[in-house]
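Sequences listed follow chains A and B, in order. Per our numbering, numbering through the first sequence is continuous, rising by one, with the last residue being 780. Per our numbering, numbering through the second sequence is continuous, rising by one, with the last residue being 780.
FYI, nobody ran anything at the bench for these hints, they're computed from the structure. Possibly wrong hints are sitting among the right ones.
Note that identical chains are pooled: a pair holds if it fits in a single copy or bridges any two copies.
Stated by the list, open to error - Restricting the straight-line Cα-Cα distance to at most 25 angstroms, the calculated cross-link-like pairs of lysine to any residue (SDA-like) are:
hint : residue 1 : residue 2
1    : Lys676    : Cys553
2    : Lys69     : Val685
3    : Lys676    : Arg638
4    : Lys676    : Arg598
5    : Lys701    : Leu529
6    : Lys294    : Asp254
7    : Lys701    : Leu675
8    : Lys294    : Asp265
9    : Lys294    : Pro424
10   : Lys701    : Val685
11   : Lys676    : Glu595
12   : Lys676    : Trp206
13   : Lys69     : Pro202
14   : Lys676    : Gly152
15   : Lys701    : Gly308
16   : Lys69     : Trp206
17   : Lys676    : Thr531
18   : Lys701    : Glu520
19   : Lys294    : Gly198
20   : Lys676    : Ser658
21   : Lys701    : Arg598
Given the structure is predicted, the values throughout are model-derived calculations rather than measurements.
Number of protein chains: 2
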Amino acid sequence: MRWVYSFGGGEADGGRDDQAILGSIGAQLGEMSRIGLNVPPGFTVTTEACRVFLRTGEPPSGLWKEIQEAMRMLTVRTGRAFGDDRAEPLLVSVGRGSAVSMPGTMDTILDVGSTEDSIRALGRAAGERFALDCHRRFVQLYGQVVLGVGGAVFERALAEARRSSRVAHDAELDLSSLRTLVTRFRGCVREASGRDIPADPWAQLREAVLAVFGSWDTRRARDDRRVRGIRTDLGTAVNVMAMVYGNRGDDSASGVAFTRDPSSGEARLFGEFLSNEQREDGVAGVRDPKPIVELQGRFGVALGELEQVRRLLESHYRDMQDLDFIVERGELYILQTRAGERSARAAVKIAVDMADEGLIDRRTALLRIDPERIEEVLHSSVDPSAGVEELAASPPELGRLLGWADDVRTLAVRANADGPAEAARARELGAEGIGLCRTEHMLVGEDRLGVVRELIVARSDRDRARALELLSPMQRADFEGIFRAMAGLPVAIRMLDSPLHELLPTDRDGIRELAERTGRDPLELTTAILRMRESNPMPGRRGARVGICFPEVTAMQARALFQAALAVTAEGLVVHPEIVIPFVRSAQELETQRRVVERVARDVFEQAGRGIPYALGAMIEVPRAALTARQIARHADFFSIGTDDLTRTTLGLSRDDLGTFLPLYLEQGILKDDPFRSLDVQGVGRLVSMATVEGRKGNPRLLVGVCGEHGGDPVSMAFFHDAGVDHVSCAPFRVPTARLAAAQSAIRSGLPPSPVAVSPRRERQGAPAARVAVRA
Amino acid sequence: MRWVYSFGGGEADGGRDDQAILGSIGAQLGEMSRIGLNVPPGFTVTTEACRVFLRTGEPPSGLWKEIQEAMRMLTVRTGRAFGDDRAEPLLVSVGRGSAVSMPGTMDTILDVGSTEDSIRALGRAAGERFALDCHRRFVQLYGQVVLGVGGAVFERALAEARRSSRVAHDAELDLSSLRTLVTRFRGCVREASGRDIPADPWAQLREAVLAVFGSWDTRRARDDRRVRGIRTDLGTAVNVMAMVYGNRGDDSASGVAFTRDPSSGEARLFGEFLSNEQREDGVAGVRDPKPIVELQGRFGVALGELEQVRRLLESHYRDMQDLDFIVERGELYILQTRAGERSARAAVKIAVDMADEGLIDRRTALLRIDPERIEEVLHSSVDPSAGVEELAASPPELGRLLGWADDVRTLAVRANADGPAEAARARELGAEGIGLCRTEHMLVGEDRLGVVRELIVARSDRDRARALELLSPMQRADFEGIFRAMAGLPVAIRMLDSPLHELLPTDRDGIRELAERTGRDPLELTTAILRMRESNPMPGRRGARVGICFPEVTAMQARALFQAALAVTAEGLVVHPEIVIPFVRSAQELETQRRVVERVARDVFEQAGRGIPYALGAMIEVPRAALTARQIARHADFFSIGTDDLTRTTLGLSRDDLGTFLPLYLEQGILKDDPFRSLDVQGVGRLVSMATVEGRKGNPRLLVGVCGEHGGDPVSMAFFHDAGVDHVSCAPFRVPTARLAAAQSAIRSGLPPSPVAVSPRRERQGAPAARVAVRA
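Based on the provided sequences and hints, a complete structural model is requested.
Set out below in structure tokens:
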């Protein structure tokens, strides 16, 4: 068993594959050193050594020897010796192994190896001020991490020193104050812990390593890991690294840099630095950092050197990097690198550029973008006052990325839209059809609600027929607008779904107006409305039941739809209407409504002397519909699965209801997510699969779409993709998100990168309506 | 092809296997003749002949010849000739083939063959009055059936005759009035139809047969058949039968008889007759019918002869029969027989007696009783004022029948009961345990609602603990009572299920009282209650969510339950508690609650120094629970499937809601039945099967019960039996019904009559709680 892995000087004992034993920081330091970046040399004590310590209370035998050997190697690489009291001594930092900070686990102890003697030697080499500053930092950190002294005593001593020196910042303290402060710090440690800082540098190193080991197993660290679901028996690695200083004079500096502009994504080095400063010293806000281009010359660092670092990092990590660096007396050291945070817009540009540069392939570029961030790109690039959310305003890289997504994905993306303007917007954003057009939204418009109310309260067939006659041309105009906007693409129009009584007035003015319209006594009308409300409680006469109880409503809507389709066809445009029967519970319900629609189609087509192909299908919104999908599909050309209502009924849970217990449930792990946001795969998802698979047993050419909020949720879409769903339908502004998510699902499920032939799924969703014979 | 089948004289060309071609009446007449009953001789024209006529408009060639041959046979059998104008002529009835009357299809035409000449001959043999009476009946029926004359004209003429003769009834008309009436009837026919009654008896017969054929295809008959779902291309048979008369003098009579007493079920001939009357003559109410024992002697019919008929019928049909008979001049004719209607009580006695007599086996006896009628037996035999619904008061045959049912069935029957009295009643009625005890019903008692409210509005852990301390002994007493009543049998107790806010007061007095109890400001309390209501809408914090949000409630109930079980066990009784977690949606919910219960069990058992076995399971009431049954079952000893709520959520339908559309849906055949009464097998049933089958994949020893209204519905029970459910639980008064229905399900599914060994299902339900290790 080997306990220590060295790095530095362009080589390393371990790298990124050794994260389990080296921790993320140790593995990365090794990796950076291996690819030729100048990292301060050092070594990593493995997690395995930590585990032995946690188990037995003793470090493994042999560890100390390996550490001593690694320290010898450090002396070779730096030319300095640990504890040297004549020449400039080797000082090291001792820190934890994970890049993720955990409460209760301490950050790094700096300047380990600084004794009163070695500090004097350092003072001779680098100035007494610098040496004292190093030492007081060491005393404080050692006190806190190793001896468990609270930080407050040091803060108080510092504040006192500033006050008595009448300065605002620590950096302004003069030499004599610093001397007094170091003595005061040592006193604090002694007072609080009853112990002294070891005079032996090796004892300091040993205690520091063991303290980092021990920090893994504090109560706070354990609690924190439990919350995050991190295994508690892993242990931590310990990194020991030669100190480098950005505050060693005017040829020294510390800074951060991104390999590309994290805001615009532009492919140029971006960053800033502070000269003669150690980053940890909290001077932010006191001095202005300078842009990175100014490093050139003055600090002895050529921009070309940084450019080379940039290329080295990107060609190795194949992503934009965010790095910490230090220039010590003209020598550039890289301390850390990580994938850089970036704006949504930059993320898109960087992914597309990197694909163009050959750094990554297109599929990797597609996987790089969180689909949820696409909206951000659109928002950030469109002037909100411009009115339409226009894609041409938006970065050209987004268009290209979504184009690549379209090449890869097999899941079609449609939009929910209730009118021509919305439909047109959806089409601009790449929707391949309308997945859900809710006609009840059309019927509540100011000019028609009155007529709709006349229809509902009609007492005779004649009154009812009159209202229907008035409504029919209005509906027809609605449908014509949508068909024109979506010419050539399928449009799924849902028949009236809302409980009728919800459309009736309850206020005095509304009732009076309806009474005038219908020539009825207001009081009589009020009681009629009340009676209707009472006999129609909440779930009420909605969905397919509206059409079954009032087939004339379905007939009116179907007639308007067919007439609109014929009119638009006559303009030379192609229409693909799909008629959706809502909230279907059984095959019989669908069959009954299908007969009504077919009769109307026959009538309209006969009268016109020509027909158009159309499809008819069912909304699957209750578990029973999914459970009897095979039978229902015999009467359906397609299913439209409404996952919002299906979630509500499958879980016996209303959305308004979640607030009272969801936080508790998430906290206790009883739920993983809000089931109305991300599909409940085990329950609702099983019904979606069942509806899809068994529906196709009843009708092998069945087209299956999902509409509802999950239709635009990337996580849920991956499930829909695997379940064999043909298309999802979402709000227009979610269409680009859905296109990308669909591509990611296809890539993750292992489909070939660019389908040469059209897949069966694509073929199925291509022209669904064409499957239905022309019924003229 | 043969068109005519003869019967009479102890033999027949066809019998009950020929119902398709002879119709139900023809087949039965043949059958009766074959087994030696004296039926009036005659013949049946087949449905095939009718179908030829309906298809071609002509009777099949050869039919007439066969009819003539059959008439010749009739002459041989009766010694009378058709159209004879010298001796007493042969008269026949011509009627339809089905025993079921259909609107628009006419009943029988009597006395066909009565011409002016033959009637004179009949007058000479039987008296002119009798002959004229026969003739006027013939003229009316022939007019109506063959010539389509409305019945009203005849009724008017009769009323006119009665008025001018100043008599109240037709039978009182004198000879001369009868003569005038016959002439008037013939005039009516001529006037209304423009045709005369044929003077040729053969023409009468031919037209009568064709008229019956034609009656099959009237519009009303077609509509009626469509409603009943009878195929319309079947056609009707025609029965031609020699007339026999119960009004041929004082040695003649007509009557009805049951082979057993239809009210008590006693095994003796039961019936009544009218002497010198034809039954059709509508004299009911004018003369009192006499009990059948009086037939003896005076009418030349020995009771022994009727007894022989009774034995013949029962040994052949193996069921109690209801027969029509006529005595003509001392000779007993049987005209029709059918399984007799009987009271529920008689049905049970007859089935048990017949099994004892060896007429049927026990399984047939069990299948004979509609389980829905068992309640009727209990109601009819128990004095409602006696208080308890007692089985010992009820007929001993019911106890024996239910005993046989218990021998056959594999599905266990439990009862829903919320208190000791109800539990004891259920046990008396044969319940094998409590399937559902709803603790929220216990908590709303007057003495405890106040404490429950304290608990809900408690602001501190101390207040909450105090309320729980008060409630605990009350719950414990409830549980002890039930455990005692059900000693030795399993008792499933459901943890609190109702939304908490529903238990809070909304009236001023209630709020004031709660304020006094808790020492809080009434206004502050009111706002607290309102806030609770708002944040807990309808589906609210119910089911497992109550226990998860307030684990102390579950803990209190579990503690009371275990303490009660220990106390009752100390009395030497055996308890089998089953803890039911309500409205479970996921395995995680159940697991969380299980942990709470297990912790309490450990505490209580440790404190007591001993433990008891118990089981813990989940209510399956939402589709998601059924869909994830396998995972949930890993934490469950049993499932209790609540089919009421499961129906509501699977269909997305509330029960209150049905009224607005159920009648229309039933009429249009979209629904077959009320899904809350009889299980929706395709949808909800599939989830029940899924929960059962997949639950046992998660836990092979999983016990599955159904509670809910379907648990007592015989049709649904057949499904539960086949689905592998272990037990149903219903209201106590439904337990006997369920026991019988369970037996019928077992018989119908083809299990061996009396299982020698205990079936796996029985074993599973035997002592479910014993599967859980004692946790002391």
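For each hint, the structure was consulted:
1. In this assembly of identical chains, the alpha carbons of Lys676 and Cys553 lie at most 25 angstroms apart only when taken from different copies (17 angstroms versus 41 angstroms within one copy).
2. Proximity of Lys69 to Val685 under the C-alpha cut-off of 25 angstroms is found in neither arrangement, the shortest distances being 54 angstroms within a copy and 76 angstroms between copies.
3. For the identical chains of this complex, Lys676 and Arg638 are inter-copy neighbours only, at 19 angstroms across copies versus 37 angstroms inside a copy, given an alpha-carbon limit of 25 angstroms.
4. For the identical chains of this complex, Lys676 and Arg598 are inter-copy neighbours only, at 20 angstroms across copies versus 40 angstroms inside a copy, given an alpha-carbon limit of 25 angstroms.
5. Taking CA atoms no more than 25 angstroms apart as the test, Lys701 paired with Leu529 passes in neither setting, with 49 angstroms inside one copy and 59 angstroms between copies.
6. Taking the shortest alpha-carbon separations for Lys294 and Asp254, only the intra-copy value of 14 angstroms comes in at or below 25 angstroms, while the best inter-copy value is 134 angstroms.
7. Taking the shortest Cα distances, Lys701 and Leu675 sit within 25 angstroms of each other only across copies (23 angstroms), while inside one copy they are farther apart (33 angstroms).
8. For the identical chains of this complex, Lys294 and Asp265 are intra-copy neighbours only, at 16 angstroms inside a copy versus 112 angstroms across copies, given an alpha-carbon limit of 25 angstroms.
9. Neither within a single protomer nor between protomers do Lys294 and Pro424 lie at most 25 angstroms apart by alpha-carbon distance, with minima of 53 angstroms and 84 angstroms respectively.
10. Taking CA atoms no more than 25 angstroms apart as the test, Lys701 paired with Val685 passes in both settings, with 22 angstroms inside one copy and 20 angstroms between copies.
11. In the homo-oligomer, the alpha carbons of Lys676 and Glu595 lie at most 25 angstroms apart only across protomers (15 angstroms), although the nearest pairing inside one protomer, at 39 angstroms, exceeds that limit.
12. Proximity of Lys676 to Trp206 under the C-alpha cut-off of 25 angstroms is found in neither arrangement, the shortest distances being 49 angstroms within a copy and 88 angstroms between copies.
13. In this assembly of identical chains, the alpha carbons of Lys69 and Pro202 lie at most 25 angstroms apart only when taken from the same copy (20 angstroms versus 134 angstroms across copies).
14. Taking the closest pair of Cα atoms, Lys676 and Gly152 never come within 25 angstroms of each other, the shortest separation being 38 angstroms inside a single copy and 77 angstroms across copies.
15. For the homomeric pair Lys701 and Gly308, neither the shortest alpha-carbon distance inside one copy (65 angstroms) nor that between copies (66 angstroms) is at most 25 angstroms.
16. Taking CA atoms no more than 25 angstroms apart as the test, Lys69 paired with Trp206 passes inside one copy only; the shortest distance there is 12 angstroms, against 131 angstroms between copies.
17. Neither within a single protomer nor between protomers do Lys676 and Thr531 lie at most 25 angstroms apart by alpha-carbon distance, with minima of 48 angstroms and 33 angstroms respectively.
18. In this assembly of identical chains, the alpha carbons of Lys701 and Glu520 never lie at most 25 angstroms apart, being 54 angstroms within a copy and 66 angstroms across copies at closest.
19. Taking identical chains as interchangeable, the C-alpha atoms of Lys294 and Gly198 are never at most 25 angstroms apart, the minima being 45 angstroms within one chain and 121 angstroms between chains.
20. Taking identical chains as interchangeable, the C-alpha atoms of Lys676 and Ser658 lie at most 25 angstroms apart only when both belong to the same chain, with a minimum of 18 angstroms there against 29 angstroms between chains.
21. Proximity of Lys701 and Arg598 under a CA criterion of 25 angstroms is satisfied intra-copy only: 20 angstroms inside one chain copy versus 40 angstroms between copies.
Checked against the numbered hints above, the structure breaks hints 2, 5, 9, 12, 14, 15, 17, 18 and 19 and satisfies the rest.
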